[in-house]
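**Q** Take a look at the letters that make up each chain.
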Amino acid sequence: MSEEPLVNPEVANMVGDWKGYVEAKLGFRNHWYPVRFSKELDEGELQVIELLGERLLLKRIEGKVYAMRDRCLHRGVPLSRKPDCYTKDTITCWYHGYTYRFQTGELVNILAVPESRLCGRRKIVTYPCDEAKGLIFVFLGDEDQVHPLHRDVPPGFLDENVRILGKHRIVESNWRLGAENGFDTLHIFIHKDSTLRHFREFNFPLGHTALDGAVTTVEEEDGPKGVEDDFSKHNPVWEGVIDGSVVVKGPRSDKVQGTSASVGTSIWLPGVLKVNSFPVPGLTQFEWYVPLDEKRHLYVQTLGQTCETEEEWIDFQNKFETHWKPHGLDGFNGDDIWAREVTEPFYADDYGWVDEMLCEPDSTILEWRRLASRHGRGIQTKQDLR
Amino acid sequence: MSEEPLVNPEVANMVGDWKGYVEAKLGFRNHWYPVRFSKELDEGELQVIELLGERLLLKRIEGKVYAMRDRCLHRGVPLSRKPDCYTKDTITCWYHGYTYRFQTGELVNILAVPESRLCGRRKIVTYPCDEAKGLIFVFLGDEDQVHPLHRDVPPGFLDENVRILGKHRIVESNWRLGAENGFDTLHIFIHKDSTLRHFREFNFPLGHTALDGAVTTVEEEDGPKGVEDDFSKHNPVWEGVIDGSVVVKGPRSDKVQGTSASVGTSIWLPGVLKVNSFPVPGLTQFEWYVPLDEKRHLYVQTLGQTCETEEEWIDFQNKFETHWKPHGLDGFNGDDIWAREVTEPFYADDYGWVDEMLCEPDSTILEWRRLASRHGRGIQTKQDLR
Amino acid sequence: MSEEPLVNPEVANMVGDWKGYVEAKLGFRNHWYPVRFSKELDEGELQVIELLGERLLLKRIEGKVYAMRDRCLHRGVPLSRKPDCYTKDTITCWYHGYTYRFQTGELVNILAVPESRLCGRRKIVTYPCDEAKGLIFVFLGDEDQVHPLHRDVPPGFLDENVRILGKHRIVESNWRLGAENGFDTLHIFIHKDSTLRHFREFNFPLGHTALDGAVTTVEEEDGPKGVEDDFSKHNPVWEGVIDGSVVVKGPRSDKVQGTSASVGTSIWLPGVLKVNSFPVPGLTQFEWYVPLDEKRHLYVQTLGQTCETEEEWIDFQNKFETHWKPHGLDGFNGDDIWAREVTEPFYADDYGWVDEMLCEPDSTILEWRRLASRHGRGIQTKQDLR
Ligand code: FES
Ligand code: FES
Ligand code: FES
Ligand SMILES: [Fe+2]
Ligand SMILES: [Fe+2]
Ligand SMILES: [Fe+2]
Ligand SMILES: [Mg+2]
Ligand SMILES: [Mg+2]
Ligand SMILES: [Mg+2]
Ligand SMILES: [Mg+2]
Ligand SMILES: [Mg+2]
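Protein chains in written order, with UniProt numbering: chain A, 1 to 386; chain B, 1 to 386; chain C, 1 to 386.
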């Protein structure tokens, strides 16, 4: 025996310059991931989360958030199963009393074996946490690899007056099917029944293909790594023809300009999409596909708006609840969630990566796979879960 | 890694001249299989079926039935999940608009990429369909291997005035446990509580063993390949003896002749049984064990009767509903279904084929396994499912 | 292929002198295991049980209990699925009439093939049974390996005036997590909310560590093999300290002496614990962790008391029902069951045996693992299940 590999190496060896992406079934290690909204974790509250296949405890202590593996060093049980928290800073395992400090992961004591050689000399894994724009981020990786947060979020997300609102939910597909669904310019076809399309004036082609110069990669050393796609340099198709007859049309509005529902998208490591001017001009959608395990991701959907005044902020919150959450994040993106889940079985045994039959506009997806393979800081493996 | 084999090769290599049968866990490729009754598929109707591990779309267009793999070439999603049929002859994938013609499988267009190099140059897999005696048959195999239907049904089934009635249901066992249950002369023991036995005059031994000359194989080039078993050349046993005492008897009727409930059976590739003079003289039971996947088969149960006049046909339909369906196909064969499902676990990991302990009358089953290994036109593999 | 091994050999090869214990995921073969209470199996009654991954039929015939594999030699079906018992001593397979004698496993007849070469020449597997102290024991192993029962039960269990009462239930963990939970001196921490602690006067430390001389192994040739742990030679800890403050205390009573809730424990092959003076002085708890399969064990909980008179026996039964069953076997041990089930996932893929981080008092557990590896009479393998 020895463990079965996470990814079929036969497949990984067939894909050339995006092998790392195929191997990153559990996500890329050593990156920052949003896991909850800040307001979801109160002072002193303990929560259990999943991230890249690991189960973590999240706790807020004196305002700061800490993340620790939810698995006792002694005999591997989840501490969360019956949390014995005798002090604010520590958690004691309910089984034999191993006691850990949240801030460091240090085994501070074994209650009935205070003299144990282990005390003060062993640590449970902890991960750096940060908060920005109302989101809690966890750096899932090795201590000597920590990078600044701004390298792992899309440009503009951290800008001074940008306010962020959003929601999250679990999607039953691998995270990469989320990322590719979001960045793929042809899949707009599935949104043809969305209420959002009727709610505002849109141009909604059946799909569009990037022309020369539309796609650029961003790979500066101190910034985020991503692929940008400018829809003003795209060729849209408005009519679908079968056997010589037009059978379906993509509606165009004479009130608006533009190739598509947004002016462009970009996809960034470790798996976050930015949609410019969406759902309406002035708004930007940022959405993360956070790996939970091989088959599920946390879909963290956010909208950002620059608010110079408190009034603008109140107005944004109001519009978010009445318009963009129901018609955008729920309605429009509901189609995306459904599509990802239906695609999952074909890729579940990895063969989908070589059996798929991509067409010309999918070259943007290949660009993303190659970029992710070049700049992903590490591949989460089964070994990392032990 | 590389994929796990469908069948344990250690087992397949132990069975000698019926290795192909052990390997055909998903059935024999390049044969005709009944999948639905003709009346179950209306003009223009779309249905999803399974066959030898593949998921297929079935559609009737201008009277003719077509079968196509239900999996988009692009990214592997089931077309059936949200069928977009803009023309009678085509289906468009709901995700990115790949459009296929049912008759040929041809990728006729990608709605938003009409100039794609793929259009007109790629095909989704299709399979020939035929209809006979009120059943829809699909040839699950390669185009250059298509054989005439009459080579894959039992003799007599296609005869001019034979009328066929029947039903089908899913059984939770491998298809071979269906075939062997049907052909096995000893298993009559399980039918001892059937209402059919009380409904008409039967001779019902505990079991019977073929004598010399009872069993013959049929292997003519242009005909079906099968094993025939003539019960008039069998030795029946009427009393079960334990420790010197008769403990159970097989009832005999002085009103009828014969060794068993039928005068003989035969089993044919790709897995179809013919029971002569059953449930009563004048009727013939034809039943298929159609592989759905490794663990399930479609049990297609039919009765045939020669009807020279419309009156005979009306009478047959009436008797079928009032007598043979409830007492035969449901009651009597209900025991067979139950027995197959209980046998499944022993053979599920393939070891059953070498761990079983067959007795003398089971030689007829071995004859079938060898014949199937000689004449099966191909073995369905995991590779065929990709 | 060829079958996947039961235990990851990479792990088994890492643990040195307790390799056999890691390999015994399905338990040790060639030992006696209690499977039911005698009063649960009436004369003539047939029951189905599981033991070390095998499914067995248990039948009482003229007072004596017999155990036979519940799997027909012919085509592997469970005889129990529809038991046809035409005589007191035999069972006939419902499918084709293979008939077996319970006492010997002999294939005495095939009802419809009385002349078969197999009759009288094949046997289904049977196992020796015995009864003692109101329990039915089965020797799960090879006929030429049968040992006397007294080598497989703790000292004192078979003593003349000892009366035994108890119950059993299925626990969803490997049997070894049961054994180690029972013998582990540190896990008393989980019992801190038990009603038993409030019901009687106890000394209840947070845990205790064996000092020199506390632990001894018992390995005499004609006796049971076990590890004994004497709590009078232990160092108890009464206060749990975190960051300099006492955060939890183990209650002490000035009315009783002693280190812990019992005066000592011992663990014996093939997986049975003896707890001296528990739940109160004068009683002894004997409890078995009987492997059902890789992931479940039968927890057979018994209490023993020396009863010289009928009055003492009646009093014991009364106290058992009103005190020790609800507060001990149900309440107190309910925590143990819960803990074992929560520990299961960490050890399920075997890596737990090398990834665990034991502390000083766990040396008693290592002693047990080594003893079991030295004296286990055989390891149940997947091959034994075929
Ligand atoms: S398992 Fe956590 S202290 Fe033992
Ligand atoms: S998956 Fe069918 S068109 Fe893309
Ligand atoms: S399976 Fe038991 S007699 Fe055939
Ligand atoms: Fe979308
Ligand atoms: Fe039958
Ligand atoms: Fe306990
Ligand atoms: Mg900060
Ligand atoms: Mg580890
Ligand atoms: Mg025809
Ligand atoms: Mg393929
Ligand atoms: Mg065997």
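Calculated from the structure, these hints are not laboratory results.
Please read these numbers as outputs of a predicted model, since none were measured by experiment.
One thing to keep in mind: the hints can contain errors.
Copies of the same chain are indistinguishable here, so a pair counts whether it falls within one copy or spans any two.
Only pairs whose alpha carbons sit at most 20 Å apart, straight line, appear in this in silico SDA-like list of lysine to any residue [to be verified]:
no. : residue 1 : residue 2
1   : K325      : D130
2   : K382      : V11
3   : K295      : V354
4   : K64       : P326
5   : K233      : G63
**Q** What label fits K233 with G63 when the C-alpha limit is 20 Å: within, between, both, or neither?
**A** neither (46 Å within a copy, 47 Å between copies)
**Q** Can you give me the call for K382 and V11, within, between, both or neither, at a CA distance of at most 20 Å?
**A** Both: 18 Å inside a copy, 15 Å across copies.
**Q** Pop the pair K325 and D130 into one bin, within, between, both or neither, using alpha-carbon distances up to 20 Å.
**A** Classified as neither; 26 Å inside a copy, 51 Å across copies.
**Q** Are the CA atoms of K295 and V354 at most 20 Å apart within a copy, between copies, both, or neither?
**A** within (19 Å within a copy, 28 Å between copies)
**Q** Can you tell me if K64 and P326 fall within 20 Å by alpha carbon in one copy, between copies, both or neither?
**A** neither (32 Å within a copy, 45 Å between copies)
Hints 1, 4, 5 from the list above are not met by this structure, while the remaining hints are.
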